[in-house]
Each structure stands twice: as structure tokens, then as C-alpha cells.
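Chain by chain, the residues run as shown.
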Amino acid sequence: MAVEKMALAKAINESLRRALDSDPKVLIMGEDVGKLGGVFRVTDGLQKDFGDDRVIDTPLAESGIVGTAIGLALRGYRPVVEIQFDGFVFPAYDQIVTQLAKMHARSLGKVKLPVVVRIPYGGGIGAVEHHSESPEALFAHVAGLKVVSPSNASDAYWMMQQAVQSDDPVIFFEPKRRYWDKGEVDTEAIPGPLHGARVVREGTDLTLAAYGPMVKLCQEVADAAAEEGRSLEVLDLRSVSPIDFDTIQASVEKTRRLVVVHEAPVFFGSGAEIAARITERCFYHLEAPVLRVGGYHAPYPPARLEEEYLPDLDRVLDAVDRSLAY
Amino acid sequence: MTVESTAARKPRRSAGGKAGTTGTKRTTRTTAKKAQGTDPELVQLLTPEGERVKNAEYDGYVDGITADELRGLYRDMVLTRRFDAEATALQRQGELGLWASLLGQEAAQIGSGRATREDDYVFPTYREHGVAWCRGVDPTNLLGMFRGVNNGGWDPNGNNFHLYTIVIGSQALHATGYAMGVAKDGADSAVIAYFGDGASSQGDVSEAFNFAAVYNAPVVFFCQNNQWAISESNEKQTRVPLYQRAQGFGFPGVRVDGNDVLASLAVTRWALERARRGEGPALIEAYTYRMGAHTTSDDPSRYRHDDERAAWEAKDPILRLRRHLEAANHADEGFFAELEAESEALGKRVREVVRAMPDPDRFAIFENVYADGHALVDEERAQFAAYQASFADAEGV
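First to last, the protein sequences are chains A and B. Following the numbering used here, the residues of the first sequence are numbered contiguously, the last one being 326. Following the numbering used here, the residues of the second sequence are numbered contiguously, the last one being 397.
No lab work stands behind these hints: they were computed from the structure. We treat Cβ as the ideally placed atom computed from N, Cα and C, and that holds for glycine. A hint or two may mislead.
When the alpha-carbon atoms are kept at most 30 Å apart in a straight line, the in silico DSS-like pairs for lysine-lysine are as follows [stated by the list, open to error]:
#1 184/B with 110/A
#2 35/A with 5/A
#3 48/A with 35/A
#4 25/A with 35/A
#5 25/A with 184/B
#6 315/B with 48/A
#7 184/B with 35/A
#8 54/B with 236/B
Computed from the model, here is a short list of chain B residues facing chain A with C-beta under 10 Å [to be verified]:
#9 65
#10 172
#11 176
#12 327
#13 331
#14 363
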């Protein structure tokens with residue numbers, strides 16, 4: 001059956017299964033990805049079916065995981081590595097930024113590193129410290145990396161297929177609070193481009209741009225705004241590097257207003273880049289400055305405070321009101 | 001804190017040999033020398049005087065070595081040193097921005113490099129000019145990054161010699177991952193990772209040791225302990241002799257005289273062969289000395305004494321093999337004269353190639369950032385092109 005309803009986590013699982021099945025060079029690596037199936041069960045059953053030579057439980061060392069994945073890629077493998085949680089990626093940050101991102105360029109194109117780094121990210125699940133962060137801007141800032149984040153099961157499935165096939169390193173941010181959200185996945189569909197944004201809801205008064213966990217929120221915001229007679233367009237950016245500015249531009253030229261929403265802190269966040277670029281591209285179309293809704297310039301708070309920290313329906317609606325008031 | 005407790009801490013400090021009086025420092029140094037100096041565990045096959053000494057464990061790896069092969073090792077070392085000297089001179093002349101000299105480490109590099117097989121894979125630091133030579137990488141290719149025309153000018157797969165790695169110790173993990181791949185492929189080749197005494201402090205090197213041990217990867221860790229990590233001596237990097245680190249990870253570690261090309265060759269052959277047989281990783285600590293500065297930007301007179309260098313000069317790797325060749329009548333005047341001429345020719349060629357090395361095209365900035373392209377890079381390239389073209393228009397007017 002080509003079309004099946006499944007949770008986002010299951011969609012990634014199915015996609016990894018397909019990747020392992022169709023290319024013997026694909027490997028899964030990470031902490032607890034084997035017997036346990038990962039702490040979120042994203043790799044559930046894969047080691048059982050493909051063996052511990054291809055689905056590899058690694059020592060507990062993130063730099064080691066990414067560093068050896070680079071070596072395996074140099075040998076012709078296509079490793080998909082799991083970083084257990086967003087806040088655990090930093091021991092590997094040096095290998096990702098200094099080695100993984102630059103090796104293609106410094107080899108003058110002779111070396112390709114098709115490595116996917118999967119990172120469950122974002123908050124909203126009541127987790128302890130270092131388990132709820134959104135560090136995507138820290139990777140998007142680095143030339144040589146591609147950064148994507150699906151918002152739904154179908155994208156999770158297809159974007160993972162494309163990430164594994166990419167000859168560039170891809171940082172794959174998985175919205176962990178949406179892992180259990182179900183959606184239809186057509187495993188025989190022809191997917192759109194990995195880095196293309198998508199209009200998920202058409203509107204005329206204002207554009208909401210988001211990716212990953214915030215797309216669902218923005219759709220809820222658009223529903224609420226519709227009840228007040230406002231027509232919001234919602235974009236799922238899907239990719240944070242590159243960003244599909246053409247799609248954002250086309251939308252803003254129509255709606256003349258833009259609010260960018262992400263969980264990451266707004267300071268130096270992807271919203272800042274989008275605001276700058278869209279201001280350049282749409283200066284004479286804009287009726288209001290581009291506004292951003294996101295985290296604050298503070299460490300991610302303890303779980304009991306995360307609802308205050310994370311963008312929610314009211315905070316996004318507040319930004320919508322402020323934009324429309326110009 | 002009371003006065004009494006402060007006073008009570010003093011003797012403990014001196015006893016630990018950490019700081020304070022000159023007397024304490026001297027004790028520390030002596031202890032370190034004992035641990036790392038004339039060590040019975042140092043594998044040596046050629047004395048500084050060029051005398052062949054027996055070693056039951058490693059003789060077998062070089063027993064059949066011919067006079068021709070010995071002359072070959074000598075030639076490799078002489079030409080590498082000549083190339084290195086030329087590069088240093090080219091930096092002084094402003095042709096290179098920087099050079100990291102390998103002076104003094106020729107035996108460790110040529111011995112280990114010549115132990116590798118064609119299908120083995122090498123992961124170097126930025127100082128492995130001698131190993132590059134053994135792998136057949138044209139020495140002039142090494143100079144592009146030091147001149148600033150590229151960041152690595154050779155195809156790593158052309159000679160199974162990876163690009164130079166500047167950030168310390170990172171390549172130990174790449175080598176381990178590559179070796180894990182070799183094992184998965186069922187190949188019988190091996191991988192060798194080069195690094196230095198400074199790198200031994202890096203987490204990546206320890207992680208590489210552990211990954212290699214856990215997966216029994218066919219990788220040899222070749223640590224050139226040249227005594228100095230820029231200005232920091234061994235004492236700032238380690239409390240135990242480096243080769244002993246291997247024990248804690250569960251694989252063998254050997255300290256070899258890194259100024260003895262024959263011993264370096266034998267020990268590396270041993271380690272590579274056992275890796276190829278599926279016996280897993282090994283650590284070789286090649287005990288040697290960085291005769292020159294860390295790089296051409298460094299000034300060793302600020303942190304070490306000339307007499308230390310003089311002591312190591314007596315153990316020179318090239319001199320000792322020459323003594324051996326002469327004593328054994330393996331080489332005559334003609335050989336040395338011919339090599340001298342070849343050496344000068346190499347220097348001349350390197351000079352000419354470097355001076356003629358063109359600056360890259362300005363659009364190279366945007367080349368190979370991604371393998372599959374990236375919209376932003378395309379956009380910025382176009383903006384840059386338009387900006388450049390605006391000058392052409394102005395000139396055209």
C-alpha cells in the first residue's frame with residue numbers, strides 16, 4: 001500500500017528502512033540506536049533487520065560519532081548519525097563545523113561527505129535541561145552544511161530520503177514534540193525539492209513563515225485569525241539552509257506583511273536573516289516591518305516555564321496584530 | 001582560612017612537585033627524564049653512531065632489507081630534508097605565508113611512510129611532508145596551502161593520502177572511521193593516523209583510541225612525540241609516557257626511536273601487519289625532536305635552550321644512517337655525490353614551481369562549497385560577478 005497514515009517518528013523509521021534497503025552503503029550510527037531503537041524509537045527494529053554492522057551502537061561520544069562517520073564517508077559509506085538530543089550536539093560541533101562542512105571545498109571538490117546528522121530538537125515536552133533546544137541557526141551559519149526540518153510525517157519520510165541521497169552533509173532537525181503526530185505518507189509520491197518552501201495555507205492579509213514544530217502552531221494561528229476575519233498565509237519553509245526566499249518573497253509581495261516564527265531565540269536567529277533578506281527584496285511591498293516570534297535571549301528555561309518561553313497561539317497572534325496595526 | 005592551615009598546605013605542595021622552588025622543579029624534570037629518556041623500552045635498531053643493534057622482537061621486520069633499500073631510505077630522508085629547507089627559504093623570501101618544518105623528524109616519517117602499502121590509507125597532520133613523499137604526493141602540491149592559493153591541493157584518493165588537517169587531533173577520528181569502513185569491506189588494508197604529542201591531549205584522539213578499540217578497527221596511531229607543542233613541553237601534555245596510554249584502551253603501545261629510520265620502519269610494519277590480520281589498533285610513539293621552530297612564525301628561543309637542540313643533533317636521523325651505510329660499505333662517494341645533485345635539482349624545481357604558482361581565480365571562493373549546489377551561494381556568486389563587472393563597465397567608458 002502506497003499511502004499509509006503514520007506518526008512522524010514512524011515515517012522517519014520507514015524512510016531509514018528504505019534507505020538501508022536500497023543502498024548497502026547506508027549506515028545508521030548513534031547512541032542506543034540498535035537494540036533500544038533510539039530513545040524516541042526512531043530506529044526501532046532496524047538493527048534487528050539489518051544487523052549491527054549497519055545499525056551501529058556507538059560509544060557515548062558525539063565527536064567520535066561524527067568524526068568516525070566522516071571517515072566512513074571518505075571510505076564510500078553514507079552514514080546517518082543520530083545525536084540523541086539537541087543539547088548534546090556540541091561535543092560534535094567542531095567535527096561538524098571544522099571538518100564535515102569544509103572538506104568538500106578544501107579538497108577542491110575531490111571529496112564528498114554524504115553524512116546526515118539527525119537531531120531531535122525543540123521543546124514542549126517537559127524535558128530536563130539540554131533536551132529542548134533549537135540550535136539550527138548555529139548550523140545554518142556554516143557554509144558547507146545544509147539544514148532542514150520537516151513539520152509533518154510525509155515530509156519527514158521524503159526529506160529523509162533526499163537527505164540520505166544528498167552528496168552534501170545535511171543536518172536534519174526532527175521536531176521531537178511532533179514525533180507522535182500522525183499524517184498520511186505516500187511512499188510512491190514524487191517529492192518536491194528538499195529545500196523548497198511550501199504554501200500550506202493560502203491567505204491575503206499577512207504571511208506566517210515557520211518550519212518544523214512551529215508550522216502546526218501557525219496553522220492554528222491562521223484558524224484563530226480567520227475567526228476574526230483575517231486571512232493569513234502560512235509557509236512551511238522546510239529548509240533553513242538554503243532558505244527558499246523566492247517563495248517567501250512571492251507570498252510577501254501578495255500579503256505585504258511577514259511574521260517569522262521559530263522556537264530558537266530570535267537574536268541572530270533564522271528569523272533575523274529572513275527579515276533582512278525580505279526587507280531587501282520586498283522593501284516597496286512591505287506595509288510593516290518583518291516581525292519575529294521566538295525564544296528569548298536566555299538559556300532554555302526549566303520545564304515549568306517553557307510555556308512562557310515558547311511561541312504559542314497568543315504570542316503569534318499578538319505579533320500578527322502588531323503587524324496589521326502598521 | 002587560618003594561618004595554620006595555610007602553613008600546613010605548603011609542604012604538601014612541594015612534595016607534589018607542582019610548583020614553587022627551583023629545587024622542586026629540578027626533581028620534576030629528573031623524574032620526567034627517567035620516564036621518557038633513555039628508556040629500556042625504546043625500540044632502537046640503529047644507534048646514533050650508526051651501529052646495528054639486535055632486537056629480538058622487531059629484527060624480523062627488517063631482516064631481509066637490502067643495501068639498495070637502505071640507500072633508498074637514506075635518499076628519501078635527504079630529499080625530504082632538502083625540500084623542507086627549500087620551503088623554509090621560500091617562506092623567508094615571501095613566497096609562502098607559512099611553513100611547518102619537519103626538520104629532525106625525517107626518520108619517523110620515512111620509516112613509517114615506507115612501511116605503508118599502496119592500498120593503505122594515511123591521515124596526516126600538517127607536518128607529514130616525509131610521509132607525503134613516501135606516498136608519491138608531489139611535494140610542490142603540499143605548498144599550495146602554505147602559499148595561500150588553496151586549502152589542500154591534492155586528490156586524497158590519488159595516493160591514499162588525506163588532506164593535511166590543521167585543527168589538532170581531528171584526523172584520528174577520520175582515520176578510525178575509515179578503518180571501520182575497511183573492516184566492513186572485508187579489505188586487508190590498514191589505516192595510519194599521524195598526530196603529535198600535543199594532540200595526545202585532545203579529546204578526539206582519546207575518542208579515536210576508544211572507537212578503534214571497541215570496533216577492533218585496523219588503524220595504527222602514529223604519534224610523533226617531538227617534545228614540543230609549540231612552546232609547551234611534554235610535561236604540560238602528559239603525566240605518563242604516551243605509548244602507555246594504549247594500555248588503558250586495550251591495545252598495545254610501543255615507543256620507538258623516532259630518529260632511527262630502521263626501527264621506525266620495523267615497528268610500523270609490525271603494527272600495520274597486525275592491523276591487516278584483524279588484530280586491531282596499535283599506538284606507536286615515535287620519540288623524536290622538532291629541530292626547528294613550530295612554524296616559520298615561531299621563536300623557540302623564548303621557551304627552550306639551545307643545548308637541548310644540540311643534544312638531539314647528535315642523534316640526527318640522516319647522519320646515523322649515513323654512518324651505517326659507510327661502515328657497512330653500502331654506499332660510495334658516487335652515491336652521495338649523485339644524491340647531492342638530485343637534491344639540488346629538487347630544490348630548484350620546488351623553487352620554480354612555487355614562484356610560478358598562480359593565484360586562484362577570484363570566483364574560486366564560490367567553488368565546491370557544496371557538492372549539489374546551494375541557492376545562496378549561487379545568488380552571492382551572481383552578486384559578486386555583477387560587482388566585478390561594474391568595474392569592467394567603468395573601464396570600458
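Results of checking the hints against the structure:
1. 184/B with 110/A: Within the cut-off at roughly 23 Å; holds.
2. 35/A with 5/A: Distance ~25 Å between residue 35/A and residue 5/A Cα, so the pair holds.
3. 48/A with 35/A: holds, 7 Å
4. 25/A with 35/A: Status holds; Cα separation ~21 Å.
5. 25/A with 184/B: Holds, because 10 Å separates the two Cα atoms, which is no more than 30 Å.
6. 315/B with 48/A: Violated: residue 315/B and residue 48/A sit about 57 Å apart, past 30 Å.
7. 184/B with 35/A: holds, 20 Å
8. 54/B with 236/B: violated, 34 Å
9. 65: Since chain A brings no Cβ nearer than about 32 Å to residue 65/B, farther than 10 Å, the hint is violated.
10. 172: holds, 8 Å
11. 176: Because about 5 Å separates residue 176/B from the closest Cβ in chain A, which is inside the 10 Å limit, the hint holds.
12. 327: violated, 44 Å
13. 331: Status violated, d = 39 Å.
14. 363: violated, 13 Å
Comparing the model with each earlier hint shows violations of hints 6, 8, 9, 12, 13 and 14; every other hint is respected.
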